[in-house]
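**Student:** Using the sequences provided together with the hints, build the complete structure.
2 protein chains.
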Amino acid sequence: MSSNNEILAVAKKARKASYILAQLSSKERSAAVGAMAVSINKNRTYIKSANAGDIRKARDKGLKASLIDRLILSDKRIDAMIDSLNEVENLDDSIGDLVEMRRRPNGLVIGKMKVPIGVIGIIYESRPNVTSDCAGLCIKSGNCAILKGGSEAIDSNKAILRCLKEALRDTVVPQDCLHLITQGGRAAVSRLLGLTDYVDLIIPRGGEGLIREVVKRSRIPVIKHYKGVCHVYVDSEADLNMAHKIVINAKVQRPGVCNAMETLLVHKDVAWRFLPVVFNELRSHGVEIRGCAKTRKIARYVKKAVEKDWSEEYLGLILSVKIVDSLKEAIDHINKYGTRHSDAIVTESYDNALKFLKNIDSACVYLNASTRFTDGYEFGMGAEIGISTDKLHARGPMALEELTTYKYVVLGKGQIRT
Amino acid sequence: MSSNNEILAVAKKARKASYILAQLSSKERSAAVGAMAVSINKNRTYIKSANAGDIRKARDKGLKASLIDRLILSDKRIDAMIDSLNEVENLDDSIGDLVEMRRRPNGLVIGKMKVPIGVIGIIYESRPNVTSDCAGLCIKSGNCAILKGGSEAIDSNKAILRCLKEALRDTVVPQDCLHLITQGGRAAVSRLLGLTDYVDLIIPRGGEGLIREVVKRSRIPVIKHYKGVCHVYVDSEADLNMAHKIVINAKVQRPGVCNAMETLLVHKDVAWRFLPVVFNELRSHGVEIRGCAKTRKIARYVKKAVEKDWSEEYLGLILSVKIVDSLKEAIDHINKYGTRHSDAIVTESYDNALKFLKNIDSACVYLNASTRFTDGYEFGMGAEIGISTDKLHARGPMALEELTTYKYVVLGKGQIRT
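Taken in order, these protein sequences are the chains called A and B.
For the record, in the first sequence the residue sitting at position 387 is 392 according to the working numbering, with numbers rising by one throughout.
For the record, in the second sequence the residue sitting at position 10 is 15 according to the working numbering, with numbers rising by one throughout.
One thing to keep in mind: the hints can contain errors.
Which copy is meant is left open, so a pair is good if it fits within one copy or across any two.
[Unchecked claim] As a list, the in silico EDC-like pairs of lysine to aspartate or glutamate whose alpha-carbon atoms are at most 20 Å apart:
#1 LYS21 <-> GLU318
#2 LYS117 <-> GLU406
#3 LYS32 <-> GLU218
#4 LYS308 <-> GLU94
#5 LYS119 <-> GLU406
#6 LYS221 <-> ASP202
#7 LYS117 <-> ASP98
Calculated directly from the structure, the hints in this document are not laboratory data.
**Tutor:** In structure tokens form, the structure reads like this:
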């Protein structure tokens, strides 16, 4: 499917299928997700051979080792895809529930019926497991998915989608609920982003460049996060042992992800006690430290942090460090330079904790825990289709409930407006 | 404030004020809205004299009578503005509530704190009461408002905003919570729509052209409805007396608004009994009827409905009528030509009612009631800041709860991720 008309045809098919899917029972949708897991397992060899082709091409093109690593579908990663589908199969969903029913003085009964969003476009890069993860969450929540993966993973994605659609053949879920755009590149995506009558939501996943491009072009509502500049603030009243563990975890446990810490803020009263030991351990993990003037007085090896550092998402073993005079300065710094993703305070003070939790304007605000927990699975949602730093509809990790909307149902006995 | 930099300065001020406003209590926010009502009442003469200037200019320009009518601030309309502020003052809000708290296996306690959205840009046309309605809802829900009204109402809007801001002077709510963009026209709006770091939500209110323009230019999430092509479907099992009253009400009680009926669908089994009487009454109200071939067989005066009629928002005394063979045909017609706003079925059949309510993909779906009830006040929300036909965050009428979002609060005891 390459031309503009083909994208339109796909979107129309998806819209049509979405009306059928929305009427199916939770049991029927779950069964389809279960069948998708079985199909992936049955077609391992086929998927791995398609994946081997993508990897060969990526090597020929000279792609970075880290990108190639994300591309690889080992048996372990295929197992993870299957596990994820099985978990999603068994989650509860709220589709069809009637909530907030109330009677108005004129006798009208007004409430909300929980319903799927409809047709969701997902635009992503690299990792081919996203294809099955998103397809599973969408089908389970009664939504049709139009997927557009990265060109490096195209054969892997095609193979996975083929298995998923084959699985639907023996279920009541129409095969047209799942689509993969495989041709047409940017023009195809642009076309998709304009189809407001057929697509209800766009979720872009990938680098900031991709996401900004999608936001710029889309006429369809988008939920996204651009990047994660996450902070840990070590308060004057912190348990410094706890703070030490949290700081190390937030920075080095997996530095290449959006919920890893990029900036450490430390209250001046504990900086001299806290930082030297932490710096030693950070450096033993290979972390480069860039600090404010005060931080640099503590250790000579600390490089100078420039203005740009405070808003940089390093996604690697670099940390910027600032010593602050007060909790207020920490809060102001985070609200100014942060990206409203995940920010933590370490403190034993109830007052300071409450101030931080109330004043930080981020999707996830932590007290005495690592920012690394911002994740659908860790939050108990079973999986995630993305993370939002927007303030509308969904904040933080998004899964089944975030793929659900409502419509008002108004029950009357002939009421008219006067 | 005309230049790009001035818009940026306004947005920065609003963002800063939003952090202060978000920390105030419900009582403090309510008191501010109460003071705003008092101030409008105290400054009636001032507001009316500014309004007289706008009206004079509109007449000089030769604006349509209907547009001039919308512009006029009579004492009655000023009373309505005051009443609305007083009602909003007394509404409950959920800001600060902690909901959905749960303990994870690792001991983390995760929940949601209800919080204001932050800074909201509202772009609207004509009616100057929108200025105080929106300002009241925003302040009450802890949000800062950047308002951009139509140029015809500029002096009225300036006067109203001045009164509202003056009222804030004696409260703890910062005056910078309210702003009105008075200069710079389209360029100013374009600039505002790009300020993703300072503005969280855009609500456009007005004609379809204005709204499409806003959606095209905005990088900030937008909630809106383009238009309302609302349907009433009279089922084969309808109580025809009830259907008659609902159809007349939905079409003629106030034809110029988005929740008025534009298309009537009637099941073939009742068409001959139902339509002649209804048509007579509709015609006595001056309604022009355009119908499908079958409808035209019932009455010669029915004009031919062309394809375009099925998706037309007449906003006036025109009605398109189609006779359908089945409930399914009615549902398909509505989902194809409708705008996902408000659609009604009239039936005594439980089965047919349920099928309609479940299958119609609209913000508000009615059983045995007029579509004209889609309105924040009628839904019991006290007021409304707009109506959404989007599927994200809010559907249908939007008021305080729809101006509220949440952030995740995660409470730990030193948990790190392994």
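**Student:** Indicate, hint by hint, whether the structure satisfies it.
**Tutor:** Results of checking the hints against the structure:
Taking CA atoms no more than 20 Å apart as the test, LYS21 paired with GLU318 passes in neither setting, with 41 Å inside one copy and 24 Å between copies. Within a single copy, LYS117 and GLU406 get their C-alpha atoms as close as 14 Å, and across copies as close as 14 Å, so both meet the 20 Å cut-off. Taking the shortest alpha-carbon separations for LYS32 and GLU218, neither the intra-copy value of 38 Å nor the inter-copy value of 43 Å comes in at or below 20 Å. In the homo-oligomer, the alpha carbons of LYS308 and GLU94 never lie at most 20 Å apart, since the shortest distance is 50 Å inside one protomer and 53 Å across protomers.
Taking CA atoms no more than 20 Å apart as the test, LYS119 paired with GLU406 passes in both settings, with 10 Å inside one copy and 17 Å between copies. When the C-alpha separation of LYS221 and ASP202 is checked against a cutoff of 20 Å, the pair qualifies both within a copy, at 18 Å, and between copies, at 15 Å. When the C-alpha separation of LYS117 and ASP98 is checked against a cutoff of 20 Å, the pair qualifies both within a copy, at 15 Å, and between copies, at 19 Å.
Consistency with the previously given hints fails for numbers 1, 3, 4, ordered from lowest to highest.
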